[in-house]
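There are 2 protein chains.
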Amino acid sequence: MHSFITSLKWKPGTEEADLACDGKPTLAITPPPAFGGKADCWSPEDLLVGAVESCLLLTALYFVGKLKIRLNAYRSRAEGTMAKTPNGLRFTGMTVTVTATLASPDDVPKMQQAIAQAEKFCPVSNAVNYPVKVVLETVTV
Amino acid sequence: MHSFITSLKWKPGTEEADLACDGKPTLAITPPPAFGGKADCWSPEDLLVGAVESCLLLTALYFVGKLKIRLNAYRSRAEGTMAKTPNGLRFTGMTVTVTATLASPDDVPKMQQAIAQAEKFCPVSNAVNYPVKVVLETVTV
Numbered sequence: 001m002h003s004f005i006t007s008l009k010w011k012p013g014t015e016e017a018d019l020a021c022d023g024k025p026t027l028a029i030t031p032p033p034a035f036g037g038k039a040d041c042w043s044p045e046d047l048l049v050g051a052v053e054s055c056l057l058l059t060a061l062y063f064v065g066k067l068k069i070r071l072n073a074y075r076s077r078a079e080g081t082m083a084k085t086p087n088g089l090r091f092t093g094m095t096v097t098v099t100a101t102l103a104s105p106d107d108v109p110k111m112q113q114a115i116a117q118a119e120k121f122c123p124v125s126n127a128v129n130y131p132v133k134v135v136l137e138t139v140t141v
Numbered sequence: 001m002h003s004f005i006t007s008l009k010w011k012p013g014t015e016e017a018d019l020a021c022d023g024k025p026t027l028a029i030t031p032p033p034a035f036g037g038k039a040d041c042w043s044p045e046d047l048l049v050g051a052v053e054s055c056l057l058l059t060a061l062y063f064v065g066k067l068k069i070r071l072n073a074y075r076s077r078a079e080g081t082m083a084k085t086p087n088g089l090r091f092t093g094m095t096v097t098v099t100a101t102l103a104s105p106d107d108v109p110k111m112q113q114a115i116a117q118a119e120k121f122c123p124v125s126n127a128v129n130y131p132v133k134v135v136l137e138t139v140t141v
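Going line by line, the protein sequences match chains X and S.
Each residue of the first sequence is one higher than the one before, counting from 1 in my numbering.
Each residue of the second sequence is one higher than the one before, counting from 1 in my numbering.
Honestly, I wouldn't trust all of these hints.
Pairs count within a copy or across copies, as identical chains cannot be separated in the list.
Stated by the list, open to error - Dumping the calculated DSSO-like pairs for lysine-lysine here, alpha-carbon to alpha-carbon at most 27 angstroms:
no.: 1; residue 1: Lys38; residue 2: Lys68
no.: 2; residue 1: Lys68; residue 2: Lys24
no.: 3; residue 1: Lys9; residue 2: Lys24
no.: 4; residue 1: Lys9; residue 2: Lys120
no.: 5; residue 1: Lys110; residue 2: Lys120
no.: 6; residue 1: Lys110; residue 2: Lys24
no.: 7; residue 1: Lys133; residue 2: Lys66
no.: 8; residue 1: Lys133; residue 2: Lys24
no.: 9; residue 1: Lys66; residue 2: Lys9
no.: 10; residue 1: Lys9; residue 2: Lys133
no.: 11; residue 1: Lys133; residue 2: Lys68
no.: 12; residue 1: Lys9; residue 2: Lys38
no.: 13; residue 1: Lys38; residue 2: Lys66
no.: 14; residue 1: Lys11; residue 2: Lys66
no.: 15; residue 1: Lys66; residue 2: Lys24
no.: 16; residue 1: Lys68; residue 2: Lys9
no.: 17; residue 1: Lys11; residue 2: Lys110
no.: 18; residue 1: Lys84; residue 2: Lys68
no.: 19; residue 1: Lys11; residue 2: Lys133
no.: 20; residue 1: Lys38; residue 2: Lys84
no.: 21; residue 1: Lys133; residue 2: Lys110
no.: 22; residue 1: Lys84; residue 2: Lys133
no.: 23; residue 1: Lys84; residue 2: Lys24
No wet-lab data here; the hints were simulated from the structure.
Here chain X stands alone, though its shape is the one from the complex (with noise of 0.2 angstroms):
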């Protein structure tokens, strides 16, 4: 078993909090500026979103090692969306657009099979109720 642990401490007075975690440099969170935070702090939503993200990578990377493709860059952009429901505000889903630079056309299946084997084993995407959509865009050099 794995486990993961922040500690946060409320600033008295503010919306603002600072998250921290053992040795890693500490966030200072607010809401977002649509529900009165500040543009320059991180948001919980915009963590989530970028925890999603960025699993996806480091897990697609195992697969990349395994299946010996030669990827020279990796770049993605997440988008979340929430919508005002009954209960309140909820995810409603994200899609994640990676840009994948290969050094040959013969790594694009196998660069698609690393990404469909990290939607299925990254343990962050996995763990949100909401669908997450990856699209994959090939560049060969």
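Dock chain S against the given chain X, drawing on the hints supplied.
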């Protein structure tokens, strides 16, 4: 509808990536140390746990205001657990232990109510598919 966007750039040849969110500090992300990552970098798993923990606070603050609770301090500690399953690693649960410092014992039941409402309405804790347990400890000064 609200939208949250992050972007990720892998550092080729490593298991590290930069996670960006417009106008906010960029975070270096690696796997957890148990999976070969760096102890001084946030992992996707840490971000997920911190997202739930911080969203619970921000949602609770809304009800703290509504219920006119005299809250002097709020700290929490969150622990998420992940275990191996036939489908790979999966989050199995999370506990958030909140310590709230209140101006008066009269505020204790109201704070319990604020936390219960936060559990019900927090969009991030409601976006995960594993149980999130919140334990409230109150201190009155």
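Right, here's what the structure says about each hint:
Proximity of Lys38 to Lys68 under the C-alpha cut-off of 27 angstroms is restricted to the inter-copy arrangement: shortest distance 24 angstroms between copies versus 43 angstroms within a copy. Within a single copy, Lys68 and Lys24 get their C-alpha atoms no closer than 32 angstroms, and across copies no closer than 35 angstroms, so neither meets the 27 angstroms cut-off. In this homomeric assembly, Lys9 and Lys24 come within 27 angstroms of each other (Cα to Cα) both inside a single copy, at 15 angstroms, and across copies, at 19 angstroms. Within a single copy, Lys9 and Lys120 get their C-alpha atoms only as close as 35 angstroms, which misses the 27 angstroms cut-off; across copies the closest is 22 angstroms, which meets it.
Taking the shortest Cα distances, Lys110 and Lys120 sit within 27 angstroms of each other inside one copy (15 angstroms), while across copies they are farther apart (43 angstroms). With identical chains, the CA atoms of Lys110 and Lys24 are never at most 27 angstroms apart, being 35 angstroms at best within one copy and 34 angstroms at best between copies. When the C-alpha separation of Lys133 and Lys66 is checked against a cutoff of 27 angstroms, the pair qualifies only within one copy, where the shortest distance is 23 angstroms, while the shortest distance between copies is 37 angstroms. Proximity of Lys133 to Lys24 under the C-alpha cut-off of 27 angstroms is restricted to the inter-copy arrangement: shortest distance 25 angstroms between copies versus 30 angstroms within a copy.
In the homo-oligomer, the alpha carbons of Lys66 and Lys9 lie at most 27 angstroms apart only across protomers (21 angstroms), although the nearest pairing inside one protomer, at 41 angstroms, exceeds that limit. Taking the shortest Cα distances, Lys9 and Lys133 sit within 27 angstroms of each other only across copies (19 angstroms), while inside one copy they are farther apart (34 angstroms). For the homomeric pair Lys133 and Lys68, the shortest alpha-carbon distance inside one copy (25 angstroms) is at most 27 angstroms, but the shortest distance between copies (42 angstroms) is not. For the homomeric pair Lys9 and Lys38, the shortest alpha-carbon distances inside one copy (17 angstroms) and between copies (24 angstroms) are both at most 27 angstroms.
In this homomeric assembly, Lys38 and Lys66 come within 27 angstroms of each other (Cα to Cα) only across copies, at 21 angstroms, whereas the closest approach inside a single copy is 42 angstroms. For the identical chains of this complex, Lys11 and Lys66 are inter-copy neighbours only, at 18 angstroms across copies versus 46 angstroms inside a copy, given an alpha-carbon limit of 27 angstroms. Taking CA atoms no more than 27 angstroms apart as the test, Lys66 paired with Lys24 passes in neither setting, with 30 angstroms inside one copy and 34 angstroms between copies. Taking CA atoms no more than 27 angstroms apart as the test, Lys68 paired with Lys9 passes between copies only; the shortest distance there is 20 angstroms, against 44 angstroms inside one copy.
In the homo-oligomer, the alpha carbons of Lys11 and Lys110 lie at most 27 angstroms apart only across protomers (20 angstroms), although the nearest pairing inside one protomer, at 48 angstroms, exceeds that limit. Within a single copy, Lys84 and Lys68 get their C-alpha atoms only as close as 44 angstroms, which misses the 27 angstroms cut-off; across copies the closest is 25 angstroms, which meets it. In the homo-oligomer, the alpha carbons of Lys11 and Lys133 lie at most 27 angstroms apart only across protomers (23 angstroms), although the nearest pairing inside one protomer, at 36 angstroms, exceeds that limit. For the identical chains of this complex, Lys38 and Lys84 are intra-copy neighbours only, at 21 angstroms inside a copy versus 38 angstroms across copies, given an alpha-carbon limit of 27 angstroms.
In this homomeric assembly, Lys133 and Lys110 come within 27 angstroms of each other (Cα to Cα) only inside a single copy, at 19 angstroms, whereas the closest approach across copies is 40 angstroms. In this assembly of identical chains, Lys84 and Lys133 lie within 27 angstroms of each other by CA distance both inside one copy and across copies; the values are 21 angstroms within and 24 angstroms between. Taking CA atoms no more than 27 angstroms apart as the test, Lys84 paired with Lys24 passes between copies only; the shortest distance there is 25 angstroms, against 34 angstroms inside one copy.
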